[in-house]
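Here is how the chains run, residue by residue.
2 protein chains.
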Amino acid sequence: MSTENYKNFAGSNSQYVSQFGDKGALALPPAKKVSTITCMDARIDPAAALGIEEGDAHVIRNAVLHSKEALRSVIISQQLLGTREIAVIHHSDCGMLTFTTPQLQDKLKVAYPSAAKEIETIEFHPFPQLEESVKDDVQFLRNHPLVIKESVITGWVYEVETGKVKQIV
Amino acid sequence: MSTENYKNFAGSNSQYVSQFGDKGALALPPAKKVSTITCMDARIDPAAALGIEEGDAHVIRNAVLHSKEALRSVIISQQLLGTREIAVIHHSDCGMLTFTTPQLQDKLKVAYPSAAKEIETIEFHPFPQLEESVKDDVQFLRNHPLVIKESVITGWVYEVETGKVKQIV
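Residue numbers (full-length UniProt numbering), protein chains in the order written: chain A, 1 to 169; chain B, 1 to 169.
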């Protein structure tokens, strides 16, 4: 991919299509009944790092891995598509360890003074401590009244330096 | 992976680690300055389907691809990590085409009568028409005051039946 990468999607995609095989017959519900929640970080490829094949698992990703934001997706995953396991995967060297919400709000207000009011309504959810965040997110999901009680919920750290995952909870 | 898949993450991951090479030196900001927004659907592997390598692009995923929910991630991606291109990728055969928010709320209220009040506050954001949703999401991002004006924003449909992507906008 080069700048304006979308122009290159076509080339990479035609290669993928030529090796697509019988994946067109995969069912909508995840075969492994699992959903994963991870950060959007560019260095993480959950499918490659964890051995997730097409059709296996829901993959939910947002900046910092914000579990409350992921909740709508988790409920849909469990209630409509039958998943019963959730893997929460934070990672080392997260950009979110480096700023606070007021810092980012101030930066945005300088760039977009006319949108100051909207900027103040956005909580960016950085986090100060990595393993604590994993435990907090697992706890949040285990205690949430709309997450199925029998779910197996685990928490992990992915090391961007080595590619290793380590189970925390 | 079998049931209780997390037990198998270790095995798949050790294979990945053994082929990790020099990826530990990748920079935090995405090398291709692009963020992608896609559904959590288990059948989609954005890295494989679009040729996204580790380090290239932010990957944001949630149920149905809800662009308003993705906005916090997009702002962080652009303001803190320098991305300037956004690819919005909806897909065929989406589970979200099959229900309405009141239907899912009713199902949940039967299962969790004591959480009825919380259930009524959740909007699940299904969508009725695929290509329209792509156009709406691209328009939403192009018009949003906190999305950088010079961003290149494109909209796509991924066909789960064939593995093909088609550009809509």
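Don't take each hint at face value.
To be verified - Listed next, the in silico BS3-like pairs over lysine-lysine satisfying Cα-Cα at most 27 angstroms (straight line):
| no. | chain 1 | residue 1 | chain 2 | residue 2 |
| --- | --- | --- | --- | --- |
| 1 | A | K107 | B | K107 |
| 2 | A | K117 | B | K23 |
| 3 | B | K164 | B | K68 |
| 4 | A | K7 | B | K164 |
| 5 | A | K166 | B | K149 |
As the list claims (entries may be wrong) - DEER-style ranges, computed between Cβ atoms:
| no. | chain 1 | residue 1 | chain 2 | residue 2 | range |
| --- | --- | --- | --- | --- | --- |
| 6 | A | K117 | B | F20 | 39 to 47 angstroms |
| 7 | B | F140 | A | K68 | 19 to 27 angstroms |
| 8 | A | Y112 | B | E4 | 17 to 25 angstroms |
Treat the hints as calculated values from the structure; they're not laboratory data.
Being a predicted model, the structure only gives us computed values, none of them experimental.
Beta carbons are placed, not taken as given, at the ideal position from N, Cα and C, and that holds for glycine.
Status of each hint after checking the structure:
About 43 angstroms separates the Cα atoms of K107/A and K107/B, which puts this hinted pair outside 27 angstroms; it is violated. With a CA separation close to 41 angstroms, the supplied pair K117/A and K23/B exceeds the 27 angstroms bound. Of the supplied pair hints, the one linking K164/B and K68/B holds, its CA atoms being roughly 26 angstroms apart against a limit of 27 angstroms. About 14 angstroms separates the Cα atoms of K7/A and K164/B, which keeps this hinted pair within 27 angstroms; it holds.
For the hint pairing K166/A with K149/B, the CA-to-CA distance comes to about 40 angstroms; that exceeds 27 angstroms, so the pair is violated. A hinted range of 39 to 47 angstroms for the beta carbons of K117/A and F20/B is consistent with their spacing of about 46 angstroms. Checking the proposed 19 to 27 angstroms range against F140/B and K68/A shows it holds: the Cβ atoms sit about 22 angstroms from each other. At about 47 angstroms, the beta-carbon gap between Y112/A and E4/B misses the expected band of 17 to 25 angstroms.
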